[in-house]
Structures are given as C-alpha cells and as structure tokens.
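Below, each chain spelled out in residue letters.
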Amino acid sequence: MIGEFLQWFTDPVHWTGQDGIPNRLLEHLGYSVLALVIAAAIGIALGLYVGHTGKGTFMVAGFANALRALPSLGLLFLVTLVLLDALPNTLGQFLPALLVLVILAVPPILTSTYAGVQNVDPAARDAAYGMGMTGREVLVKVEAPCALPLVFSGLRSAMLQIVSTATLAAWVGLGGLGRLLQDGQSVQDYPQMLAGAVLVALLALVMEALLAGVQRFSVPRGLTGRGARRARATTASEVTKPTFSTEPEDEPVAAR
Amino acid sequence: MIEFDAVTKRYPDGTVAVDSVDLHVPSGKITVLVGPSGCGKTTSLRMINRMVEPTGGRILIDGTDTNTSDPATLRRGIGYVIQHAGLFPHRTVVDNVATVPILLGWRRKKARQRAMELLELVGLPPELSDRYPSQLSGGQQQRVGVARALGADPPIMLMDEPFSAVDPVVRESLQDEFLRLQQDLGKTIVFVTHDIDEAIKLGDQVAVFQAGGHLAQVATPPDLLADPADDFVAGFVGKDRGYRALSFTPADGLPLEKEPTVEVGADAEVARRTSVEGWVLVLDDARRPQGWLDVSRLTGEDEVTPTVLHRGGTVASATGSLRGALDAALSSPTGRGVIVDDIGALLGTVRPAQVLVQIENAAAEAEARH
Ligand SMILES: Nc1ncnc2c1ncn2[C@@H]1O[C@H](COP(=O)(O)OP(=O)(O)O)[C@@H](O)[C@H]1O
Ligand SMILES: [Mg+2]
Chain A
1 MIGEFLQWFT DPVHWTGQDG IPNRLLEHLG YSVLALVIAA AIGIALGLYV
51 GHTGKGTFMV AGFANALRAL PSLGLLFLVT LVLLDALPNT LGQFLPALLV
101 LVILAVPPIL TSTYAGVQNV DPAARDAAYG MGMTGREVLV KVEAPCALPL
151 VFSGLRSAML QIVSTATLAA WVGLGGLGRL LQDGQSVQDY PQMLAGAVLV
201 ALLALVMEAL LAGVQRFSVP RGLTGRGARR ARATTASEVT KPTFSTEPED
251 EPVAAR
Chain B
1001 MIEFDAVTKR YPDGTVAVDS VDLHVPSGKI TVLVGPSGCG KTTSLRMINR
1051 MVEPTGGRIL IDGTDTNTSD PATLRRGIGY VIQHAGLFPH RTVVDNVATV
1101 PILLGWRRKK ARQRAMELLE LVGLPPELSD RYPSQLSGGQ QQRVGVARAL
1151 GADPPIMLMD EPFSAVDPVV RESLQDEFLR LQQDLGKTIV FVTHDIDEAI
1201 KLGDQVAVFQ AGGHLAQVAT PPDLLADPAD DFVAGFVGKD RGYRALSFTP
1251 ADGLPLEKEP TVEVGADAEV ARRTSVEGWV LVLDDARRPQ GWLDVSRLTG
1301 EDEVTPTVLH RGGTVASATG SLRGALDAAL SSPTGRGVIV DDIGALLGTV
1351 RPAQVLVQIE NAAAEAEARH
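Keeping their order, the protein sequence lines are chains A and B.
So for the first sequence, this note's numbering puts the first residue at 1; every next one is plus one.
So for the second sequence, this note's numbering puts the first residue at 1001; every next one is plus one.
Incorrect hints may appear among the rest.
Unchecked claim - Derived list of chain B stretches under chain A, where covered just means 3 residues or more per stretch with a C-beta under 8 Å from a C-beta of chain A: (1) 1097-1106; (2) 1358-1367.
To be verified - Simulated pairs of lysine to any residue, SDA-like, Cα-Cα distance not exceeding 25 Å: (3) B/K1201 - B/Q1175; (4) B/K1109 - B/L1179; (5) B/K1110 - A/E137; (6) A/K141 - B/Q1175; (7) A/K55 - B/V1052; (8) A/K141 - B/L1128; (9) A/K55 - B/D1013.
For the record, the hints were derived by calculation from the structure and aren't laboratory data.
Virtual Cβ for every residue (Gly too), placed ideally from N, Cα, C.
Model the full assembly from the supplied sequences, consistent with the hints where possible.
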C-alpha cells in the first residue's frame, strides 16, 4: 500500500495538467484562503462589535453554536440546489461552496474574537475611558490588540475546518484536493485517495504553521508570555525610611 | 478648584450611592475621600470626570459645570489612577505613559521623551521603560499608573485606592514618594481610600463618608483626630487617635542627650568600656545608627559585627513628629530613643519622659493659641 502510494505520488503524470497535484492544490488553497478571508472579515468585525457594545450577545451564545452543528455536506447540497437555478453555471457551483465554507468558519472566529474582547482586563478598559479615549479609540487601541491572541486561535481553528471541508467542493464539480478522493473512490484507486487525504492534511499543517508565524509577529510581546518570561529582577525600591530593620523587597506580582 | 453642589447619584437599580453631597476641593491640595466600603467614594470620584453621571446636583471645575464639556475632552485634562493600575498589557511601559500625550496629538518622539521624564519623576529606572506591565512588580505598576496619569501634566488628579493592592512596606514608600512628588507638582488631587491612616497621612483635607453616601465630616487631619463630628466619625477614625494626633506635632525642640557610640568593626573591649547600662549604640562610617549592642553578648567576638546588633528599635527624625520620637523612645531596648537628622546621621537620644514633657508643652501652646 505504502509502496503503491509513493509510486502514485511520485509519478510525473500526476504532477501536470488540470488533474495534476499542483493545480488541485492551488484550487484547494484558493477556496480556503478566500473563505478564510471573508469569514475573518465577518467574524472579527461582528466579534469586536458585540464584544465592545455588548449588543447582540445572543448571536455569539446561540446562533454561532447552532451554526457549528450544521452538517457541512448536507448544507452544501442544499445551498447548491437553491442557488444553481438562480445563477449562471460556474457561479452557481462556486458561490454555494464558498458560502458553506464561510458559514462554517465564521462561528469559531466570531466567538473567540468576542471572548478576546470580553477578556480584556476591566481595569485597563476603565483606565482607557478614564484618560479620555472615545469608545472607538478604546476598541482600536486597547480592546482589539488585547483580543489578538484569541482572534488568532479562532482563525486557526476556522482554517483547519475550512481546509478539511473544502474537500467537499469536488462533489459539486469544483475540483480541489477532494477530486483526488472522489476520482480515486470511483475507480477504487486507493493510493490516489490516500494521496488526496495526505495532501489535505499537509496543506492544513502548512497553513497552521503560516498562521502561527503571522501570530508570532503581530501579537504584542506583552500579551504572549514570551515577554513575561524575561528576567523579572526588580530593582529594590529606594526606601530610605530610617529604621534598623531591613526592608523586604518589592515582590513581583504574579501575572494576572 | 472642584465643587460638589448637592450631588446625588442614584443607580438605575435604586441604590443611592451618593446622597446630596456638598464638598469643596481646594486647588493644589490633596483631598482624601475616606469611608467604609460601599459608602460612595468611588462613585463620587468618578462623577468628577463623568465616568459616572450624577443624577442630581452639579459638579463645577473652576466654576464650569462639568456636564457642559465633552466627556472625552474633559477626561484628557484630568489624571486618573486606579487600584490595579489598569496598564495596557500590550504596550511597553514607556508607551503606556505616552498614551495621553499621543491622544492629544503629540508626535510620538516627543511623547516618548515626555514619558521617560515622567518615569524618572516617579522613581522608575529608565531600563524598565521597554518592559511590559506583566514584567513589573505591583508597586512598579502603580508608579507607571501614576506616571501615565501625569502624561499631559493635568492640573487635577483623581486617584482611586492607588496604593491599596500593594504590600504595606511598598505602600508606605509609595505614599512617601507621592507626598514628595506633590510638594513639587502642587496638583489638585482627589484621593480615595478606605484606610483612615492613609487618609490622615496624605490628606490636606479629609472627607469622611458614611454608608448611604452621606458626607459625615470634612476636616484637616489634626482636626479630625481632635474633634470628630459624631460617633460614626469617632469610631471610624479609631481608638488610638490621641497617639496618632501626635503625628501633627513637630519634634523639634526635644532636648537631646549625647549618646556614646562605637562604629561597626570596633574593638569589643572598646565597646564594653563605652557602653552605658550595658548597651552601646553602633553606627556605620556615616554616623548612621545600625542598632543597639548588648555588650554582655560580646562573648568570644573580638570586634563588633552587625550580626550581634539588636535591631528592634525605631529611629525618629528630628524634623519628624512627636509620634515618631515617642515611638523611638518606647521601642528602644535601652529606653533611649534614637534621633537622627535628615540624612540619617545620629543627633542624640531622648527618653520617653522627655517626649511626654514636650507633648504637654505643645498642648499648652495650642491651648494658649485658641
Ligand atoms: N454600576 C452600579 N450599579 C448599581 N449600584 C452600584 C454601581 N456601582 C456602585 N454601586 C453601589 O453604590 C454604592 C457605592 O459604591 P462605590 O461608590 O463603589 O463605593 P466605595 O467606592 O465607597 O466602596 C455601593 O452600594 C455599590 O454597591
Ligand atoms: Mg471604591
């Protein structure tokens, strides 16, 4: 099996043309990235709005969780059936697939962005208003940056879901790595199916690493614990109260 | 100058947090709002910068009703310090402090420069400036909070229990530095605390709040200790107020006795010969008292080492109060209280009886002035 798989995988025939691995990979990547970008725009914007204003928290609690429970394949066929008549052919295939991916990806991004804003230290928020920031400034300068670590965790789980679900696009004629599975299944070519599965997993891993890298560079060090791990040696405060007894040093507080 | 004119706050749930308070907060002075938990101190403070809107009455700053100005603009001109500092975790110390200048449109470079000056002002070493708040101790965070509030050099500072969350020793040094800072800056400060000792130590004027948001008494600390308005204030101010009132009577004029001393490292035999009633006071090379030495414990050693010293006694400054002098006398193992000058060098010693005479003299003088 492994041997056949490697043979299939290394066969130059499978690396060219429309059915070739590079093309399928690109299609898959294309749908995934597009869906992630759209879902991120919707999820982050809504999450920030709900977190900042406290309006519409029901969206996060009920709606988002309900969406998560939807069966993706069923949803895909349903949406395709509805839209296929209404739209020209390629668009009628493409939009439903994209829509399904976006619908699946919004909830994790929305809920974690919302949680990120909710988790902002109330004292920091209070101080921000108290020093004269407007609501918008508090959102942009304090709440959003402080929510970043959780926003990224939402993006990463959404991305994993998108990359694996994008496999379904093949079933409505859109290609992607799902084609390897579908074609393989129809002719019982198991090495090809295995190649498809492995490629989907690899793609997910690469995307995950990529997002982790972006996160590393864009989340301020003060929020990551990497900053906090640096030496905490505190300079003894210059206490000059006259007394015989020696002063205990100012102890660092545990990170709150 | 800030004026509360019959200010009331009733929260939507019906709680009356502040009940028709009239209060005059003089410019350039520290006014402390003190009282048990839940008596409306924070609410009163936050109504000044409109973090909470009054439901009755008016608050005037320099004669202008605060509700005529835009809240954000109003707040940018008022420093605000809170209990847990509320530093921005994603920003370095220097960027935290530069926040308000940048909000006001300063260029980043100039704002950072200003922030570095402020860090120095509050006693933080410049190498902390690029740390993040999570890398600081509680006391250091609080200093950054104060520096941040001073960002745009606001004439008014609102401080809500800024030193309550740090341990007592750090709190005391923060208080001392705060007073020193205020001497230079002369801000109009409204300071909230539940700690009557802190109120008495820091306040030029103390406003005592009572449950239900009533203002029970406004007075200077010595007047508050000497003449509480009612049973509530008397109880809140506490039992040993006679002793604590001594904090406001200067110690100058105490008759000091010359104390025989030896330096750390002196010959044990010399220490034995110098001692009076079995004890000798040990100084360092700058004549700062290090502790008392019970010469009978000098067995085996042939010189005076810091480890054998008795360190229990307190040291009072000659420019301090009679409270400090009395405590030094009472806490000394020899009954001789150690008095030092401003830089901590020994001036002499004083016995409890001599302090008491001084206390009586001061009381008589105060009586004569009335
Ligand atoms: N947002 C609020 N809604 C309802 N009640 C409040 C609110 N904030 C404070 N209170 C109540 O108002 C009273 C005074 O609170 P506060 O000003 O915080 O007191 P203090 O600072 O003296 O402890 C308390 O009884 C408190 O429970
Ligand atoms: Mg309070």
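Hints and how they fare:
1. Counting residues of the stretch 1097-1106 of chain B whose CB lies closer than 8 Å to any CB of chain A gives 3, so the stated coverage by that chain holds, three being the minimum.
2. For the stretch 1358-1367 of chain B, the assignment as covered by chain A is violated, since 0 residues bring a beta-carbon within under 8 Å of that chain's beta-carbons and 3 are needed.
3. For the proposed pair B/K1201 and B/Q1175, the alpha carbon gap of about 8 Å is at most 25 Å, so the pair holds.
4. Taken as a hint, the B/K1109 and B/L1179 pair is broken in the structure, with Cα atoms around 30 Å apart against an allowance of 25 Å.
5. A threshold of 25 Å between alpha carbons decides the hint, and for B/K1110 with A/E137 the separation of about 21 Å falls inside it, so the pair holds.
6. A distance of roughly 31 Å separates the Cα atoms of A/K141 and B/Q1175; the hinted pair therefore is violated under the 25 Å criterion.
7. Annotation: proposed proximity of A/K55 to B/V1052 holds, straight-line Cα distance about 21 Å (limit 25 Å).
8. Pair hint A/K141 plus B/L1128 holds up; C-alpha atoms about 22 Å apart against a cutoff of 25 Å.
9. At most 25 Å may separate the alpha-carbon atoms for a hinted pair to count; A/K55 and B/D1013 meet this at roughly 20 Å.
The earlier numbered hints that this structure contradicts are 2, 4, 6.
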